[in-house]
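K.L.:
Protein chains in written order, with our numbering: chain L, 1 to 248; chain U, 249 to 496; chain F, 497 to 744; chain S, 745 to 992; chain H, 993 to 1240; chain R, 1241 to 1488.
These are computed hints drawn from the structure, not numbers from a lab.
Where a beta carbon is used, it is the ideal one built from N, C-alpha and C, also for glycine.
Some hints could be false.
[Unchecked claim] Taking lysine-lysine pairs in the BS3-like style, the calculated list, with each CA pair at most 27 Å apart, reads:
| # | chain 1 | residue 1 | chain 2 | residue 2 |
| --- | --- | --- | --- | --- |
| 1 | S | K797 | R | K1293 |
| 2 | S | K797 | S | K888 |
| 3 | H | K1075 | R | K1321 |
| 4 | U | K401 | U | K305 |
| 5 | S | K825 | H | K1015 |
| 6 | F | K549 | S | K827 |
| 7 | L | K23 | R | K1321 |
| 8 | R | K1321 | H | K1045 |
| 9 | H | K1073 | F | K579 |
| 10 | L | K83 | R | K1321 |
| 11 | U | K331 | R | K1323 |
| 12 | F | K553 | F | K640 |
[Stated by the list, open to error] Beyond 10 Å from chain H on every Cβ pair, some chain S residues (computed):
| # | residue |
| --- | --- |
| 13 | G750 |
| 14 | R751 |
| 15 | A769 |
| 16 | P794 |
| 17 | A809 |
| 18 | P812 |
| 19 | T832 |
| 20 | G853 |
| 21 | D860 |
| 22 | I864 |
| 23 | G893 |
| 24 | G914 |
| 25 | A923 |
| 26 | D925 |
| 27 | T967 |
| 28 | V980 |
Read off the chains here:
Protein chains: 6
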Amino acid sequence: MERVDGRKPGQIRPVFMTPNYNKYAEGSVLIEVGDTRVICTATVEERVPPFLKGLGKGWVTAEYAMIPRATGTRTVRESAKGKLGGRTMEIQRLIGRALRSVVNLEALGERTVTLDCDVIQADGGTRTASITGAYVAMILALNKLVEQGMLEKIPVHDFIAATSVGIVRGTPVIDLCYAEDSAAEVDMNVVMTGTGRFVEVQGTGEEATFSRDEMNRLLDLATAGIQELNKVQRQVLGERISAGMGQV
Amino acid sequence: MERVDGRKPGQIRPVFMTPNYNKYAEGSVLIEVGDTRVICTATVEERVPPFLKGLGKGWVTAEYAMIPRATGTRTVRESAKGKLGGRTMEIQRLIGRALRSVVNLEALGERTVTLDCDVIQADGGTRTASITGAYVAMILALNKLVEQGMLEKIPVHDFIAATSVGIVRGTPVIDLCYAEDSAAEVDMNVVMTGTGRFVEVQGTGEEATFSRDEMNRLLDLATAGIQELNKVQRQVLGERISAGMGQV
Amino acid sequence: MERVDGRKPGQIRPVFMTPNYNKYAEGSVLIEVGDTRVICTATVEERVPPFLKGLGKGWVTAEYAMIPRATGTRTVRESAKGKLGGRTMEIQRLIGRALRSVVNLEALGERTVTLDCDVIQADGGTRTASITGAYVAMILALNKLVEQGMLEKIPVHDFIAATSVGIVRGTPVIDLCYAEDSAAEVDMNVVMTGTGRFVEVQGTGEEATFSRDEMNRLLDLATAGIQELNKVQRQVLGERISAGMGQV
Amino acid sequence: MERVDGRKPGQIRPVFMTPNYNKYAEGSVLIEVGDTRVICTATVEERVPPFLKGLGKGWVTAEYAMIPRATGTRTVRESAKGKLGGRTMEIQRLIGRALRSVVNLEALGERTVTLDCDVIQADGGTRTASITGAYVAMILALNKLVEQGMLEKIPVHDFIAATSVGIVRGTPVIDLCYAEDSAAEVDMNVVMTGTGRFVEVQGTGEEATFSRDEMNRLLDLATAGIQELNKVQRQVLGERISAGMGQV
Amino acid sequence: MERVDGRKPGQIRPVFMTPNYNKYAEGSVLIEVGDTRVICTATVEERVPPFLKGLGKGWVTAEYAMIPRATGTRTVRESAKGKLGGRTMEIQRLIGRALRSVVNLEALGERTVTLDCDVIQADGGTRTASITGAYVAMILALNKLVEQGMLEKIPVHDFIAATSVGIVRGTPVIDLCYAEDSAAEVDMNVVMTGTGRFVEVQGTGEEATFSRDEMNRLLDLATAGIQELNKVQRQVLGERISAGMGQV
Amino acid sequence: MERVDGRKPGQIRPVFMTPNYNKYAEGSVLIEVGDTRVICTATVEERVPPFLKGLGKGWVTAEYAMIPRATGTRTVRESAKGKLGGRTMEIQRLIGRALRSVVNLEALGERTVTLDCDVIQADGGTRTASITGAYVAMILALNKLVEQGMLEKIPVHDFIAATSVGIVRGTPVIDLCYAEDSAAEVDMNVVMTGTGRFVEVQGTGEEATFSRDEMNRLLDLATAGIQELNKVQRQVLGERISAGMGQV
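Taking the hints into account, I'd like the entire structure generated from these sequences.
P.N.:
What follows is the structure, encoded as C-alpha cells:
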C-alpha cells in the first residue's frame, strides 16, 4: 500500500519542537508533527482544585482547543456555542490523565500545572501531538521551579509521548494524517512511557471491528514510533534536564 | 487475592435483564449487573441527523445519565448544572459508536435509533452494562420494525457486549464493582462482538502504567467474560430473534 | 360516562409502593400509580442553603425529572437542552413546598433533605404521585436519623398525599390517566394532610372555566381519594413509624 | 385586625390604568395597584409557534420580568444570570393560560399575541396585576386589528381579572401588599371571568395548611374583588369595546 | 436640510427628568429625551467586587436593558435568550466607565453603586440618555448617604452628561432620533464633564468614513448640547446638591 | 519622558506580517507588533446571515479570542466559562465594522468573509493589531476569489489599519505596550483608511478626562502611525494586489 504522503507504514512524520515559544508561560513549546501544529503552554499556580485542598499534593490538568481555521472548513468556536463539545472534553481529560501518570503529585506540592494545548493547524493526530508537546512544556515549567529553588528536583520519573496508529485500507500504519484518519477502519491512540509501559490505549473500530492479531500489530507499530518521539523530546529538553527521566 | 464480594478474578457478577420494562419505548430492558441497574430504552424515529440527510442511511446514537442517588453520595443533576459533564459525553459517544459497529446503517434506512441508558443504581461498570443492555433494547426495537413490515430483517449481523477489566492490587480481575474500581491501578473497558472481534478497547492507568503482558492478560479475561454476556443476551432475545446475529 | 380504563369517577388507580428501592439513599420508594412509576429518593445532608445558615433550622427541597421515554414519544433531556423547563421548575417547587408544610424545620436541625423524584413511566399524575411517594421516602430517611440517635423523633406531625381531579367531558373524576388528562376541560391538583387540611389547591381551566359548584365537587373527590392514599402510606411505613403522624 | 395600610379585609387597593402608555406596541397599559406598577404591552405577530403551524388558529402567550429595583433590595437580572428562575416561568405560564381561557383562538387566526408584563415597582400582587393589565393591553391590540379590518370582531367573549387573597394573622384578606404577603399563612391567587367563573385557583399554605371553610371565605373575598377590577377594565376600555365581553 | 422632526442641526430634543420615580431605590430618575424614556435607579450596597476587596475604595457599575416593546418591533428578551448581547455589554461598560470618571472612589469607601438603566421606550440615543439620567440617580443616592451621615460630602467633583451626534445625509446634527440614527453615515457618542472635558468619544462610520474636519464639527455640536443637558441636571438636582459639582 | 522600551512618543513598534501562515484558510497572516502576536485567518463562505438573505450583497464579520497564556497570568477560556465576555464582543464588533467600511458588499456578492483573530501573545494593542492583520488576510482571501474567476476584482477601495494612542504620565504616545497601557490616563483606538479618513475613533478616559487639545494631539500621532502601517500592508500584499486600494 502506498501512503498518501509516501511514508512507509511504520514511519512517523517529521517532528519539530520550538521550546519557550511563548514569553509569558512558565513552560511552552510549539510542536509540529507534519502539518499538525499545536501551541502547548504550561501554567503553574500555587493552588489546587477543591477536592485536593489540604492533602499536600498537587494536580496536573489540561485544556484543548482549536482555532476555527485549524481545519479545512471553518469550525464554529466552542466559546460562541457556549459549551464544550464531547470530543474536546474527551481529549482534555486524556491529556491530563496521561501526564499525571508519571508525575509524583506529592512531590509537586500544593500546586496546579495547567497544560493548554491550542491547535493552530490540524492535519490528524492533534491529541497525540498535544500530549507529546505538553509533556515538554510541563517539564520546562517544572525545571523553572527547580531553578527558582521551589522544588528540589523535577518530580517526574519517566517520559510520556503519544501517537496514533490505525488500519487504513487493510494495512496497519502509524501517525495517520487527516486524509488517512478519515479513511481508517480502525483508529487507535497510544500513550506510552519512555520505559515502554502503556499509559492509555484507546482503540476504536467505528462501523468496523478488529481482531486480537490486528491489535498486536498496531501496538508494535506504536511502541516503535513512541521511542522515536521520546528521542526528540530528550533532544529538546537537553541531557541535563532529561537525566532524571530515565533512558529512552 | 480475595475479591471484595468473594468472586474469582475471572468471574463476572450475576446478570439479569428484564425485557420490555417500559411500556412506551419501541424496545427496552432493565439490566442488572450485580447491584448496577440501568434502564435502557430504544426509540425509533423516522428522521436522521442533518449530516445524514438524503444519504439513504440511518443512525444509531445514545444518551447516558444517572439519577442523583444512583451513587453513594448525591450527584448534582446535569440538567441543574446546565451542561453535560465530560464523563457523560465520553460514555454516550462510546455507547453509540459501539452499537453502530454491527448495524448495517444502509439497511436501517433513514431512521434514527436513540438508546437512552438511565442508571438508577451504580455499583461500577455502568458504561459497559449500558452497552450490553442497550444492544438488547435496540434489537427488540428493530425486531418490532420487522414485525410491522417496515424492515425485512434486523439489520444487525453480530452481538455486542461489554465489560470492564482491571488490575486491583496487582491482580487482573473482571467486572469491577465500585469498591474495586476506586482502588484499581489499571482500568480497561472492552467492547466485543459475539464473534470475538474488538470494537473498543480503552485501557487507562491513571497515576500508573501497565505492561504489554498485563494488557494481554486483561484482554484474555474480557474475551471470556463477554462470551458469557452474549449468552445471556441470546437467552433474553430468544433463538428466533438471535438467529441472524451468528453463533456466540 | 365510561372512563377509559373502566374506573368509576371517584376511583383512584391501584397504588403500590416498594420501600428501600435504592440501596444508597437514606430513604427511597418506588411508587406506582396505575402505569405511572416514580423513583423517589431522600438524601440527608448536614448543611443548609445559604439563606438559612446559622438560623438553627433545616430545609426540605425537591427535584423532579423524567427519563426520555417515560412518555409516549421521546422527550429531549433537560440536561441536553442545558436548562430546566418551566413545567419542571413548577413541579419541583410544588413538591418541596408541599412536604415542608408538615415538617418542623427547627426540630430537623441544620440539615437538608432533598427529595429526588425521577419518573420512569408517565401515565398522568406524575407530580401528585411524586408528592405521595416523596413523603414516604422522606419519612424513611428521617426515621433512619432517629435510629442513629441523631433525632429524638421524626419531626413531622401529619401525613401528606396528593392526587389530581378534573372535569372530563363534563364529569368530575379523580386520578386522571394520561388519556383523560389530555382531554380534560379542568385540571386540579390537590395536596392534603392526613387530617384533611389543604396544603395546595391548583385548579386550572386551560381554554375553559369552571364554576364554584364544579370546584366543590372536585374538592370532595380529592378529599376522599387522598384518604385512601394516606392509608397506603400508613401501611408501607408501618404502625410504629406512622404513630407520630396522627390518625388518617 | 388592623391592616398595615388601614384597609378593610375585603377592600382592594386603588387601581389606575393608563392605556396606550407605549407608542410602539399594538396595545399597552400601565397598571397601578397601590404601589405595584406594571407596564403591559401586547404585540401582534403574523405567525404562530411551531406546534400550531397550519392548524388555522392563533396563540396568546406572556412574558414577565421585574427591573432590578422593582424590589426593596436589588434583584439580580435574569439576563445576567443567564436563565429564567422558576418563579418567573410559573408566572408567565399562568398569565398566558389565564388570557387564553376567554380567547377564541380559531377566530384569532394564525397570529400570536405576546403580552409582556414588566414590573417597574413591586408591592405585592404583581402576577395578578399583570393579568388584569395584560387583559386590557390585549383587548386594545385586538381592537386595533378590528379597526384595520383584519378581524371582524374582537375574538374574546368575557373579561378576565385576577387578585390575591390570603390569611394574615388568622384573618382572610384581599389584595395583599408586600408587607402582608410576607407575613401570610395562606396565599391564594384567583383568576376569574366577568361572569364569575374560575379560570385559575392557586392556593398555597407554605409551612401551613388551611381548611375547607377558610378556602370558601377566601374565594368569597376574591369573587367580590374581581368584580370591582372588571369595572375598572370596562371603564378604561370604554363601552363600545367592552360591549362584546358581556356584562360584569 | 430639514430634520425629520423639524429641529435645527444643533438643537437637542426636549429633556424631562422625574426624580425619585421609584420608591425603593436609593436614587432614581425617569429621563425622557424626546420619545426615549429610561428608568434609572441607583442602588448602594456595602460591598465591593472581589478585585477591590480590602483596598478601601468603592466601585460604580451599570446595567442596561430594554423592555421588549421599547422598540418598533418586539425584541426578544436577553433573559429568554440566556445571554447578554454584545450591544448590551458595550453599553453597560460605557455607562459605568463614564460615571466613574468623576467619582472619587476612595472617598466613596468600600461601597458599590449600581446604576440600572431600563429603557421603556427607545427612540434613539438610549445609551446617552442612560448616562445623563444615571448621573442624576447616582447623585441622589450619594446625597442620601450624606444625609444619613455615612458620607461627609458627595464624592463627585463634576457633572457628566452625554449625547449623540452624527452625519445625516451630509449634515452634522445632534441628538439623533431613531429615524435619523438608522440613516446616519457617521454616528458618534460623546460623554463630557460640566467643565467641558471629554470622558468618552466613540465615533463610528459603519460602511462609511469621516474626515478630521467632520469630526471637529461633530465635537463642536456635542460640546454645546451637553452644556444644555448639564443645565437640566443642575435644575433637577437643585443648587444645594449641585454646588460641589462646579459651574456648568 | 522615557518610554518603557526606549521608543519615542510617536514611534510604533516593529511590525512583521507572515502571509499565508495557515494552509487551510482562504487568506491568513501572522501579525507581530512588538511582542503582540495575532493569527488572522479569513474564511470565505457562499452564504450570508439571515438578515441579508436574498439582498444580493455580502457580509464581513470577525471573531476574536486569546489563548489562555497570551497574557501574563492565565486567562480562563471563554469556552470553559460558557459565554463571551463584554470585552471580546466589543472587540469583534469593532473589527467587523472597521473592515466593512472599505468593502463594497454588493460587489462581494452573497458571500460571507469571516475574520478570525486569535491572539497567541498579548503585549498591548491586540485589537488594533487584529484589524491591521485581518485587513491583509481579507485581501488575500478576496484575491484568491479573483484568481479563481469568482470575482472580477477585489471589491475593496482603500486600506484599513489601526493603532492605539494614549496619554501616559502626561505625554501623548502611540502604540502602547501592555506596561504603558495599564498606566495610561487616556486610551484611544483609531482606525483609519489609507486616504487618511477616520473609520473609528474610540477615546476613553477611565477615571480621567481629556481636553480637546489633547484629543487633537492624539489624533495627529495616530494619523502618522497608521500611514506607516499602511506601508507595511502594501509591502506584504505586493504592488499588483495593492494597486486597487489607492495610494497610501
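K.L.:
With d taken as the least Cβ-Cβ distance between A923 (chain S) and chain H, does d exceed 10 Å?
P.N.:
holds, 13 Å
K.L.:
Was D860 (chain S) rightly flagged as not at the interface, with every chain H Cβ beyond 10 Å?
P.N.:
violated, 5 Å
K.L.:
Looking at D925 (chain S) again, its CB stays over 10 Å from all of chain H?
P.N.:
Holds, since 15 Å exceeds 10 Å.
K.L.:
Just want to verify: P794 (chain S) was marked as not at the interface with chain H; is every Cβ pair farther apart than 10 Å?
P.N.:
holds, 16 Å
K.L.:
Holds or violated: are the alpha carbons of K401 (chain U) and K305 (chain U) at most 27 Å from each other?
P.N.:
Status holds; Cα separation ~15 Å.
K.L.:
If I take the minimum Cβ distance from T832 (chain S) to any residue of chain H, is it greater than 10 Å?
P.N.:
violated, 8 Å
K.L.:
For G893 (chain S), is the shortest CB-to-CB distance to chain H above 10 Å, so the non-interface label stands?
P.N.:
Consistent with the label, G893 (chain S) stays out of reach of chain H, its closest Cβ about 21 Å off (over 10 Å).
K.L.:
Would the pair K825 (chain S) and K1015 (chain H) pass a check requiring their Cα atoms to be no farther apart than 27 Å?
P.N.:
holds, 25 Å
K.L.:
In terms of Cβ atoms, is chain H entirely out of 10 Å range of G853 (chain S)?
P.N.:
About 19 Å separates G853 (chain S) from the closest Cβ of chain H, which puts it past 10 Å; holds.
K.L.:
If I take the minimum Cβ distance from A809 (chain S) to any residue of chain H, is it greater than 10 Å?
P.N.:
Per Cβ check, A809 (chain S) is inside 10 Å of chain H; nearest 6 Å; violated.
K.L.:
Tell me if the straight-line CA distance from K797 (chain S) to K888 (chain S) falls inside 27 Å.
P.N.:
holds, 24 Å
K.L.:
Can we trust that I864 (chain S) is non-interface, i.e. its beta-carbon lies farther than 10 Å from all of chain H?
P.N.:
Its Cβ does come within 10 Å of chain H, the nearest being 6 Å, so this is violated.
Of the numbered hints stated above, those contradicted by the structure are hints 15, 17, 18, 19, 21, 22, listed in ascending order.
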